[in-house]
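Novice: As a plain string of letters, each chain reads:
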Amino acid sequence: MKRFTGFALALLALGAIALAQNALLINGAGATFPYPAYSKWFDVYHKQKPAIQINYQSVGSGAGIRQVTEGTVDFGASDGPMTDKQLEDFTAKRGTQILHFPTVLGADVPTYNIPGVSAELNFTPDALAGIFLGSITKWNDPAIAGANKGVTLPAADILVIHRSDGSGTTYIWTDYLSKISDTWKTKVGTGTSVNWPVGLGGKGNEGVAGLVKQTPYAIGYVELIYAIQNKMPYGKIRNSAGVFVKADLAGVSAAAAGAAKTMPEDFRVSITNAPGKAAYPVSSFTWLLIPAHIQDAAKRDAIKGFLHWMLTEGQNYAEGLAYAKLPKEVVVKELKAISKIQ
Amino acid sequence: MRGAGSSLSPRSLFSRLCQGDEIARLITLLFAASVVLIALAIVYQLWVDSALSRHRFGLHFLVTSVWDPVFEQFGALPFIYGTLLTSAVALLLAVPLGIGAAIFLAELAPQRISAVCTFFIELLAAVPSVIYGLLGVFVLVPLMRQDVQPFLKNTLGFLPLFSGPAYGVGFLTAGIVLALMILPFIISVSREVLLSVPRDQREAALALGSTRWESTWRVVVPFARTGIFGSIFLALARALGETMAVTMVIGNTPQIAASLFAPGYTIAAVIANEFTEATSDLYLHALIELGLVLFLLTFILNGMARLLILLTERKGAEVRA
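These protein sequences, in sequence, are chains A and D. Numbered continuously in my numbering, the first sequence closes out at residue 342. Numbered continuously in my numbering, the second sequence closes out at residue 663.
Note that these hints are calculated values from the structure, not bench results. Just so it is clear, CB atoms sit at the ideal spot from N, CA and C, and this is done for glycine as well. Be aware that a few hints might be false.
[What the hints assert, rightly or not] Part of the chain D face toward chain A, derived, beta carbon under 10 Å:
(1) V483
(2) V511
(3) T595
(4) I598
(5) A599
(6) A611
(7) T618
(8) A620
(9) Y625
[As the list claims (entries may be wrong)] Cβ pair distances, simulated, as ranges:
(10) D391(D) with K246(A): 26 to 32 Å
(11) P115(A) with R454(D): 47 to 53 Å
(12) N644(D) with K47(A): 50 to 56 Å
(13) S407(D) with A119(A): 38 to 44 Å
(14) H397(D) with Q57(A): 30 to 36 Å
(15) D296(A) with I642(D): 47 to 53 Å
(16) K85(A) with Q597(D): 28 to 34 Å
(17) H397(D) with T186(A): 23 to 29 Å
(18) Q597(D) with A143(A): 23 to 29 Å
(19) K85(A) with S407(D): 34 to 40 Å
(20) A143(A) with L501(D): 34 to 40 Å
(21) D363(D) with T5(A): 30 to 36 Å
Modelling step: build the complete structure from the supplied sequences, incorporating the hints.
Specialist: Here it is, written out as structure tokens:
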């Protein structure tokens, strides 16, 4: 009996301590791709402002959009912009608009495994579309060989590896393919999960990378950060200016800068195949989804304060974690847009 | 009146409750009923949350092969096929192995070996399925692609079952991983059941002049038949619902193919892969409808299995009579 009362008292004491913290708790959920960056940001921000605690769960873009629409979280995060229908749903359910704020940039790279070929391959948009549509089946097809003079490609069947789980990485890749190939657009389309014409599915970046590494003559797409951190070989892609660009942080930021001139006010834009000589074609923003009207004044100020911090100081942490930072033009526009949150 | 006379006069409900027996009966009845209620609640929730998909596709959902989230065309057939095929391969591999091992451990092995082996087998049952998945990806898949599948192709390649390119991942690999996972269940439960067969059954058989093996195979195993079937259904239930290990080795391609080397997809794997990113309502409802299909599939298979037991018992009783 004594042990029980002692235990109960300890629990009560813990509860009291927890209540005494009294930090303002803000909840968010959504995309998995920027999770390492967000995690670092929220941690650093909490150290600078101990009274504000931002809690983020990386449950996936779809779940993030759903939860912010239902109101179970204060903000969401997504690798793909919300569709018009999702915007309408949000306004219908929450009575206000939802605002998109780009945070960092991501990119997809084509990784391959051809025994005997160690050179970096150049891929034209037509070659990539053909490979993933299944119309180009052999590695020594003229569409691929034409851009790789000097490399002997074998006459082996190409094995395509794609993502089996729904993900922003797939969204970026299919968005790019839809832009450069009408056949892809009508046959398959853009989405976090699509009906792939050919290929095997691997779960997560790890699954795709693992399958490509193990299977000879395979090609797949993984996130740039993942490829850099795991020192994977990947090829160059020809951008809309005709230059074969190898993906790196600078090229991704250049893609965003190129698209900044024609960026819509609500930042819901796809920057794949962006104009510019240095732009890497398969790049994309990832967004925070913030309701335009936040009832709780303390939460509103906290979120606005965080957004301001994120666009100024927070961007300096991005490259350390291998995320491409937002270009200046976009940051300026976003800082102005923060005032839309009432 | 209480005391000696109370056993003769009818006792009121209240006094019966106070005895404790009645309360125990009511409480345990409540527990049993709650399990059934929870199962019904699950089915109800699955039914309600798949409304959009059911209304759009109807029964067509069960026979369509397309799974297209972008153009919102959903069909369950490749997943049903994959689930049933991988479970069938797993059972085909695990049941003979499992029952044979159980018979050895229960009847034929020396006591010390039996105890040590049983300990390790029960440890295997506790290994999380993700570990099996990792073992599958890093050990089994290369083995299949480099050694086993080419070997099968060279020897049995004329059969459509073993045709097509060998990727390493596919129905066969998934079936093997599932077999490894359900083996400990079959062995441990069957061994328990065989051990519980009364000694006089064995002794009677031996007294009638049968050999050790004959008494085991013709007397002990049939006596324990119901329990062994039970272990097989337990294993089947696990195989049908297994998610992580399967999705890592099956290739995740929604297709129906005759070859065991081909990549495929199961219901549990597609739900685990696509649920979090399912953005549109119809997509979500289609995934939940797949869950409902899996639930019903398990239910039907279990029902068929119980029927099988009933029929074999009745037949056994007729023979004995």
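Novice: Each hint: holds or not?
Specialist: Hint by hint, here is what the structure shows:
1. V483: Cβ of V483(D) sits 7 Å from chain A, so the hint holds.
2. V511: Holds, about 6 Å.
3. T595: Holds: closest Cβ of chain A sits about 6 Å from T595(D), inside 10 Å.
4. I598: violated (15 Å)
5. A599: Hint on A599(D): violated, closest Cβ of chain A at ~13 Å, above 10 Å.
6. A611: Given a least distance of 8 Å, the restraint on A611(D) holds.
7. T618: holds (3 Å)
8. A620: holds (5 Å)
9. Y625: Result: holds, 8 Å to nearest chain A Cβ.
10. D391(D) with K246(A): 26 to 32 Å: Since the Cβ atoms of D391(D) and K246(A) sit about 46 Å apart, the hinted range of 26 to 32 Å is violated.
11. P115(A) with R454(D): 47 to 53 Å: Given about 50 Å between the Cβ atoms, the range holds.
12. N644(D) with K47(A): 50 to 56 Å: Since N644(D) and K47(A) have Cβ atoms about 55 Å apart, the given range 50 to 56 Å holds.
13. S407(D) with A119(A): 38 to 44 Å: Cβ of S407(D) to Cβ of A119(A): about 40 Å, so the range 38 to 44 Å holds.
14. H397(D) with Q57(A): 30 to 36 Å: Taking Cβ atoms as reference, H397(D) and Q57(A) lie about 32 Å apart, which means the hint holds.
15. D296(A) with I642(D): 47 to 53 Å: Hint holds: Cβ distance 51 Å, inside 47 to 53 Å.
16. K85(A) with Q597(D): 28 to 34 Å: holds (30 Å)
17. H397(D) with T186(A): 23 to 29 Å: Given range 23 to 29 Å: holds, Cβ gap about 27 Å.
18. Q597(D) with A143(A): 23 to 29 Å: Check passed, 26 Å falls within 23 to 29 Å.
19. K85(A) with S407(D): 34 to 40 Å: Violated, at about 27 Å.
20. A143(A) with L501(D): 34 to 40 Å: holds (36 Å)
21. D363(D) with T5(A): 30 to 36 Å: Given about 34 Å between the Cβ atoms, the range holds.
Checked against the numbered hints given earlier, the structure breaks hints 4, 5, 10 and 19 and satisfies all the rest.
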